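Keeping their order, the protein sequence lines are chains B, A, G and S.
According to the working numbering, the residues represented by the first sequence are 1 to 308, in order.
According to the working numbering, the residues represented by the second sequence are 309 to 616, in order.
According to the working numbering, the residues represented by the third sequence are 617 to 924, in order.
According to the working numbering, the residues represented by the fourth sequence are 925 to 1232, in order.
If you're looking for bench data, these hints aren't it; they were derived computationally from the structure.
Don't take each hint at face value.
Here are the computed lysine-lysine pairs in the DSS-like style, where the Cα-Cα straight-line distance is at most 30 Å [claimed, not checked]:
hint : chain 1 : residue 1 : chain 2 : residue 2
1    : S       : 1031      : B       : 107
2    : S       : 1084      : S       : 956
3    : B       : 298       : B       : 96
4    : B       : 96        : B       : 160
5    : A       : 561       : A       : 404
6    : A       : 415       : B       : 286
7    : B       : 107       : A       : 415
8    : A       : 561       : A       : 606
9    : B       : 298       : B       : 286
10   : S       : 1210      : A       : 561
11   : A       : 415       : B       : 96
12   : A       : 415       : S       : 1177
13   : G       : 869       : B       : 107
14   : G       : 648       : B       : 253
15   : B       : 298       : B       : 253
Far from chain G, by Cβ distances over 10 Å, these chain B residues were calculated [to be verified]:
hint : residue
16   : 6
17   : 33
18   : 47
19   : 127
20   : 129
21   : 151
22   : 185
23   : 224
24   : 245
25   : 257
All figures in this text were calculated on a predicted structure; none of them were measured in a lab.
Just so it is clear, CB atoms sit at the ideal spot from N, CA and C, and this is done for glycine as well.
Spelled out from the first residue to the last, the chains are:
4 protein chains.
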Amino acid sequence: METELDLSRWLEECRAFCAEGMTADYIPALAKADPRALGIAVHALGHEPVSAGNSGNLFTLQSVSKVFTLLLALMDHGEEGVFERVGMEPTGDDFKSMLKLELVSGKPFNPLINAGAITITSMISGASRAEKWNRIREFIASLAGVEEIGFNEEVYLSEKETNYRNRSLAYFLKDSGVLDGDVEEHLDLYFMHCAMEMNCAQLARAALVLANGGKEPDESGGRQLVPRRYVQIATTFMLTCGMYNSSGEFAVKAGIPAKSGVSGAIMAVVPNRMGIGVIGPALNDKGNSVGGIRLLEKLSREWNLSMF
Amino acid sequence: METELDLSRWLEECRAFCAEGMTADYIPALAKADPRALGIAVHALGHEPVSAGNSGNLFTLQSVSKVFTLLLALMDHGEEGVFERVGMEPTGDDFKSMLKLELVSGKPFNPLINAGAITITSMISGASRAEKWNRIREFIASLAGVEEIGFNEEVYLSEKETNYRNRSLAYFLKDSGVLDGDVEEHLDLYFMHCAMEMNCAQLARAALVLANGGKEPDESGGRQLVPRRYVQIATTFMLTCGMYNSSGEFAVKAGIPAKSGVSGAIMAVVPNRMGIGVIGPALNDKGNSVGGIRLLEKLSREWNLSMF
Amino acid sequence: METELDLSRWLEECRAFCAEGMTADYIPALAKADPRALGIAVHALGHEPVSAGNSGNLFTLQSVSKVFTLLLALMDHGEEGVFERVGMEPTGDDFKSMLKLELVSGKPFNPLINAGAITITSMISGASRAEKWNRIREFIASLAGVEEIGFNEEVYLSEKETNYRNRSLAYFLKDSGVLDGDVEEHLDLYFMHCAMEMNCAQLARAALVLANGGKEPDESGGRQLVPRRYVQIATTFMLTCGMYNSSGEFAVKAGIPAKSGVSGAIMAVVPNRMGIGVIGPALNDKGNSVGGIRLLEKLSREWNLSMF
Amino acid sequence: METELDLSRWLEECRAFCAEGMTADYIPALAKADPRALGIAVHALGHEPVSAGNSGNLFTLQSVSKVFTLLLALMDHGEEGVFERVGMEPTGDDFKSMLKLELVSGKPFNPLINAGAITITSMISGASRAEKWNRIREFIASLAGVEEIGFNEEVYLSEKETNYRNRSLAYFLKDSGVLDGDVEEHLDLYFMHCAMEMNCAQLARAALVLANGGKEPDESGGRQLVPRRYVQIATTFMLTCGMYNSSGEFAVKAGIPAKSGVSGAIMAVVPNRMGIGVIGPALNDKGNSVGGIRLLEKLSREWNLSMF
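Looking at chain B on its own, in the form it has when it is part of the complex:
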């Protein structure tokens, strides 16, 4: 109760910062979101979830989905299989950058930049695109604790038609032999999982499973949905590369593994303690939710959430 009051108060304080950002303009369907919206759900282990602000708003996952496909690829191919194809290093460049692909290695530097995430998507097992897509949906639904995950077809079609930069990246990867098979099919699946739709409570529940080492909370059955080691890998990447090229700053200021998307979503995982889902469509120049970052930094200070 007190927590919920605090949360609301802090959220309203941070909402002011939304005015400093802008919604993503390169995907028409994202540009329409309300730049003043800010919502959060916090799901602590052994507690009921609490929420504040526009936490009921639906949003597409965008880059947040990269964490889930990374986990699935690890479950499909193991650590070695995945790291044959993508590296483990932050780049210092923006998420769509191709510099290091040309300058250093055709192998994407890590699984959370676009080049790496497209490669990871291409590795999801399945006899057909439909089967791969079903596996992704079911896996994410199990993390979010729902029967079925939403899908925003308008956003999907909008990205599929206009995202020439990701198409450029994918053909570059095909050229260097990193991507096998049909580039357009991989891109299609990538755009599809970016367009999956959630609210803050669902995102916080998925984060909670990761905070709990891959295990559902006991009240939902306590099943191990993901091997603990893979959760460890994913949250490490969230800390070092999860917030685009301000991951380092967010680690210093908040110290929490988190992954952002250009819809304004952020999923934050506080190991052994809680999962957090945030939405705030106004983005800073790095592509992160302005209000969301401020709110998570506030929570980290107030509740002492930093891992360090």
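Could you slot chains A, G and S onto chain B? The hints should help.
Quick look at chains A, G and S alone, frame taken from chain B:
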């Protein structure tokens, strides 16, 4: 007569250097060429063409065609129209590099690197792809002094299917707003003109027209096929950017405007004096014909061809 | 007892990997170190330190000292003062790289790459170089729990005379206005603190203070040597940028904040649990101790040390 | 007579463009120059020199001197000796860039960018700095047709004290083994020859010697001051790299080998026809004289000076 004997002797001397190079391996149809082949035709103003070595071999134009499409685009849109879309600077990077597109400007640095040449191809006027293609063919045929230019369908299909790097470049340009319209259509036309086929005599005749300021030699009718100013522009680019990222070295050593292709073709223009066509499929690590470069450097020294 | 036996066994297993590396060859005085040496000291909170292998060997701190000067600069200027001058992001480039300084910003990306560390050194307060130097020595001695820290004059002079790349970096920073004052004086102080000398037990004790949130262990008096927030900042950088451009990989594989130096030293901090000091002069191509990394990864798995 | 009238008229037309530029602000002594000044001297073979505007103004050579030291280094070490140490390619980057040194090769790309020119300066033969300096002065005086070349001590001291970026470049080159010996001594000699002082007539006379293949005009004695081949090399570099990173554009628009300096000086060589000296301190963002470039482009069109 004496010229022809000299030419044969020098060519045989330079043939030895072919062993230092390799045929282009990324286009299967090019990899099959004879790496020991070396041929040349020299067409001086007011003289009969002379030739030596494997000058009768057919070869695809590859990047040599970029000079011709540049001329056509200049005739279609004028100087200002063309340089709104591409720059005028050498890059210091390899021909397929995307670095400067990301680091400096989405606008290609010059019309002879791949990014610039694809942009130029997209500007060729015509109501349909067929019309554009016919205009390119007829224009090049007029320069080469033939009824019809050959076309190597195997090479075209091979590039179209496997050239993922050019596809990556083109989608990057689409993303930055440099390319309008249908990317795949532009790429298709680009691969088509790269696959046009000639022999050395035809290439030397086209070079001669440029050496003659855009005018046919008198014995062919003396028509002005290209405005003199556009020839001046094209030969300037040949000198500063025509030999990939060893253009500077070739300018110092030979001092002749020239354009090479990964088939091993080189077209060289000695203003007011002669046109030269060379074929030598063994390439150095920059993508230039090893034997061809040596032979042109030799001719430059023997006949004092440097512009400087 | 058992711990010590385990430690010795694991160390000997990892010693084999030393053969894959080489001692730093660009500093003559470092090149002479024994490439087969491998030593470790582990100091857990509330326990006596344990050690194994060549833990008594003396080594210079090199880049490990960057963590200490960062702490001192934070104590001198506060968070805001420090981050006006250096950023918070990993670079993805090697430690001596100047690329991002030219391409992105004259401000160094983080305080642990050379450009950032030289900037930090220039910020240490003191009326004279001697006073600055004394402050650094006394601060580090207090962390290591000794009266006085050693200093290797041969290494210092060797670096001072031959380290042209750091001189190049420093003048670049002077040119962009990041460095104030006398470049040579800042470099001199930088080379001096890189040449401070320790053994594994001393390094483990310094790490323990950081693991303990900046407080001495109770048995040494329990004084707060560094404010907790600054320790948090320093260990965050150790995790995201501490192991040169394989920091991301070390975070995934070991998950422990650590800082390496080209002497083969590594200082590792396991928050709230233990401090570790390692020496192993044989380096991999990124500049990290080959045997040291293997040993820390082993400890992380065996003792479950990952923060994630 | 008519020529002089034309020249004055065109110069006054171009003077208007000076307002678009600014004097070099990073060297205090250069910043004081009159931004409205524009002067030219044209010295055609077999004719008396003509001049217009502020042609009597004195200016320091700055980067124009790089052409002269290149010639002297070629005379000291031959073609092979020089090109062991510097390359032949344009970079596409600005004159002080270090990118390609780190990304491609420690060897400077060409002798006219700062990295290459500092290397060339280090190669000038002489038992002492004084002897080297005398050799440079005497050589340039012979080209300019004067007893003694001026020297601006204020500019020299200003650059020596503040040019940290060139110092950074030089130590980088020392680190990669490109520079031998004492870096500060090489830099000193470099700053000295950049500070040599001329007027337009002297610069035009030096250019005329190059236009005449290295030979003095007959009326001055007709001695071969520089071997013809070395002049050919120098003018080739002037065309491909002489106007910083707008060399390509100047080649397309004017087609004349030329070298600019940040004092606003330009030396232009029209092979076999004329030498031109220009001064106009207002610079564009690439570091070239705004009015000077416009004036040379105008002359090229009016007098048909393009080599192409």
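task = Could you tell me which of the numbered hints above are not met by this structure, giving the numbers in increasing order?
result = 14, 24, 25
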